[in-house]
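J.: The listed protein sequences correspond, in order, to chains C and S.
Note that my numbering numbers the first sequence so that position 50 is 50, with each residue one more than the last.
Note that my numbering numbers the second sequence so that position 83 is 83, with each residue one more than the last.
These aren't lab readings, by the way, just hints derived from the structure by calculation.
Bear in mind that the values here come from a model prediction, so they are computed numbers and not experimental data.
Misleading hints may appear alongside valid ones.
Short derived list, chain C residues pointing at chain S, Cβ under 7 Å [said to hold, decoys possible]:
{"hint": "1", "residue": "Ala6"}
{"hint": "2", "residue": "Leu47"}
{"hint": "3", "residue": "Leu51"}
{"hint": "4", "residue": "Val84"}
{"hint": "5", "residue": "Cys114"}
{"hint": "6", "residue": "Ile115"}
{"hint": "7", "residue": "Thr117"}
{"hint": "8", "residue": "Gly120"}
{"hint": "9", "residue": "Leu123"}
{"hint": "10", "residue": "Ser125"}
{"hint": "11", "residue": "Arg156"}
{"hint": "12", "residue": "Asp159"}
{"hint": "13", "residue": "Pro160"}
{"hint": "14", "residue": "Pro162"}
{"hint": "15", "residue": "Thr193"}
{"hint": "16", "residue": "Leu195"}
Just the calculated beta-carbon pair ranges, DEER-fashion [as the list claims (entries may be wrong)]:
{"hint": "17", "chain 1": "S", "residue 1": "Gly71", "chain 2": "C", "residue 2": "Asp189", "range": "32 to 40 Å"}
{"hint": "18", "chain 1": "S", "residue 1": "Glu112", "chain 2": "C", "residue 2": "Arg127", "range": "37 to 45 Å"}
{"hint": "19", "chain 1": "C", "residue 1": "Arg127", "chain 2": "S", "residue 2": "Ala21", "range": "38 to 46 Å"}
{"hint": "20", "chain 1": "C", "residue 1": "Val84", "chain 2": "S", "residue 2": "Phe129", "range": "18 to 26 Å"}
{"hint": "21", "chain 1": "C", "residue 1": "Ile158", "chain 2": "S", "residue 2": "Asn156", "range": "20 to 28 Å"}
{"hint": "22", "chain 1": "S", "residue 1": "Ala10", "chain 2": "C", "residue 2": "Gly174", "range": "25 to 33 Å"}
{"hint": "23", "chain 1": "S", "residue 1": "Pro64", "chain 2": "C", "residue 2": "Gly62", "range": "39 to 47 Å"}
{"hint": "24", "chain 1": "S", "residue 1": "Ala6", "chain 2": "C", "residue 2": "Arg127", "range": "16 to 24 Å"}
Glycine included, each C-beta is placed from N, C-alpha and C at the ideal position.
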Amino acid sequence: MLAAFAEAIRATTQPCTLLLLLPALVMAVVTRGRWAPFVAICIGAVLGGWLFVANVVAVSDGPLQISGVLVGALIILAITSPSVPWLRWADHRSIETATAGVVGFVATLWWRPCIGTELGSILTSARDGVAGQLPGISAYMLGTTMPVLAAVLVVRVIDPAPETARRVTWVAGGIGVVVAGALAVGRHDELVTTLTRWATT
Amino acid sequence: MGRSRAFAAAGLVAVIAVAGAAFVLDGSDDPVEPAAEAEPASASSVPVTTTVSASELPDRGLHPELIDIDGWLQSDVTSLEELEGKVVAVQFWTFGCRNCKATLPHMAELYETYRDQGFEIVGIHAPEFGFEAEVANITEAAAELGVTWPIVLDTNKRTFHSWQEGPTAHWPRIYLLDRNGHIRYDHIGEGRYAETEAAVQALIAEPG
């Protein structure tokens, strides 16, 4: 499990993990480094990782586009929930946490993992039984969230003034919405190609 | 600095330390397997410490067909059936895939060591991105990466998906076929090079 965790951390520096990380990083910043949304992101990512290893869900173009719409809407909801009149009855912190969890889960559908030694072994062994691979893939997915944890901690260390925090939130949210929008209009492959080339040049 | 910020700063240092350790320990937990970026020459120095008998390799049935392929490169062969009688490693790869590239020195070593003993490799090239589908780019990459074995062009990835059970297919993935064309070994991702070589040895030693 430790090897899987370490391999996942190394994979976060590779382009293949960018589409998993970007939405999660956006949510970490949008939720101002709060712990509850971070935990929700981790839970969502682990659940998505289990689904990936179980290899039972086909994520074709249609669902990917829908997921893009969903993530874009959730990011906007997380940013605007405190000021939306019809949501004032709700605790916007709970809304943020819930949206972070969903985004963490959906981002695993966008993920095209680098299959190194450990993840490869998990996937190979899963063919003969998924249950035994759940600890390994959980460790792997938690490894992929280490940059998100770092982002949470950076936000907490900097502890920006409210006005600055608001601007940062809108910039991060804007990036997230653009990425989600690209998927929503069926540009998943182009987005992955662009990110891959951007990250490797 | 407030107490909360101090804790966060300490946590950040810890996360950076853990990440640093993950990179430092890369591959050190498996001394049998060479580092991912190893040169082809270094792979030859790795001893096979795993032994497998052919009876330990379950028969997963006759290999699926090659579907809707766009041809073969670096070979006069035009079907897997023509290779029956040989032990064949079928590897799904694409030249832009980092993990696929990491396996190629080991594949080259297997090819060099066992090709005279009735062993063949077929690399099924299933492109992930558009630029990987251009034949000229594949040929150029194959030369650069030391891929000298036959390559099947699976541009539409129909073979890629039909061979791999479930809705998600992976690169790299290697299947070993016995002399009768039956799948006897399957591994996803990098690694397990010694285990793969031991399986090749076992299948070569198995009577046809």
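J.: Each hint needs a verdict: does it hold in this structure or not?
T.: So, going through the hints one by one against the coordinates:
Below 7 Å, beta-carbon pairs count as interface contacts, and C:Ala6 has one with chain S at about 4 Å; its hint therefore holds. A least Cβ separation of about 16 Å between C:Leu47 and chain S goes past the 7 Å threshold, and the interface hint is therefore violated. The closest approach between the C-beta of C:Leu51 and any C-beta of chain S is roughly 10 Å, which is over the 7 Å cut-off, so the hint fails. A least Cβ separation of about 29 Å between C:Val84 and chain S goes past the 7 Å threshold, and the interface hint is therefore violated.
Checking C:Cys114 against chain S: minimum C-beta separation of about 5 Å stays under 7 Å; hint holds. Interface restraint check: C:Ile115 against chain S, minimum CB-CB distance 4 Å, threshold 7 Å, status holds. Interface hint status for C:Thr117: upheld, as the beta-carbon distance to the closest one in chain S is roughly 3 Å, under 7 Å. The interface hint given for C:Gly120 holds, since its Cβ lies 2 Å from the closest Cβ of chain S, which is under the 7 Å cut-off.
Proximity of C:Leu123 to chain S holds as hinted, the smallest CB-CB distance being about 4 Å (cut-off 7 Å). For the restraint placing C:Ser125 at the interface with chain S, the shortest Cβ-Cβ distance is roughly 9 Å, beyond the 7 Å limit, so the hint is violated. Taking 7 Å as the C-beta cut-off, the interface hint given for C:Arg156 holds, the closest approach to chain S being about 4 Å. Interface hint status for C:Asp159: upheld, as the beta-carbon distance to the closest one in chain S is roughly 6 Å, under 7 Å.
A distance limit of 7 Å between C-beta atoms decides the matter here; for C:Pro160 the minimum to chain S is near 12 Å, and the interface restraint is violated. Given hint, C:Pro162 at the interface with chain S, is violated; its Cβ is 16 Å from that chain's nearest Cβ, farther than 7 Å. Satisfaction of the interface hint for C:Thr193 is found here, the shortest Cβ-Cβ separation to chain S being roughly 5 Å, below the 7 Å cut-off. The interface hint given for C:Leu195 is violated, since its Cβ lies 11 Å from the closest Cβ of chain S, which is over the 7 Å cut-off.
The beta-carbon spacing between S:Gly71 and C:Asp189, approximately 24 Å, falls outside the hinted interval of 32 to 40 Å. Roughly 30 Å separates the CB atoms of S:Glu112 and C:Arg127, a value that falls outside the hinted 37 to 45 Å. The given range of 38 to 46 Å is broken by C:Arg127 and S:Ala21, whose C-beta atoms sit roughly 31 Å from each other. Separation of C:Val84 from S:Phe129 is about 40 Å and departs from the stated range, judged on CB atoms against 18 to 26 Å.
C:Ile158 and S:Asn156 have their C-beta atoms about 49 Å apart, which leaves the hinted 20 to 28 Å range violated. Take S:Ala10 and C:Gly174: their Cβ atoms lie about 32 Å apart, and the range 25 to 33 Å holds. For the hinted restraint 39 to 47 Å between S:Pro64 and C:Gly62, the CB-CB distance of approximately 26 Å leaves it violated. The hinted range of 16 to 24 Å is not satisfied by S:Ala6 and C:Arg127, whose Cβ atoms lie roughly 48 Å apart.
Violated hints, in rising order: 2, 3, 4, 10, 13, 14, 16, 17, 18, 19, 20, 21, 23 and 24; the structure is consistent with all others.
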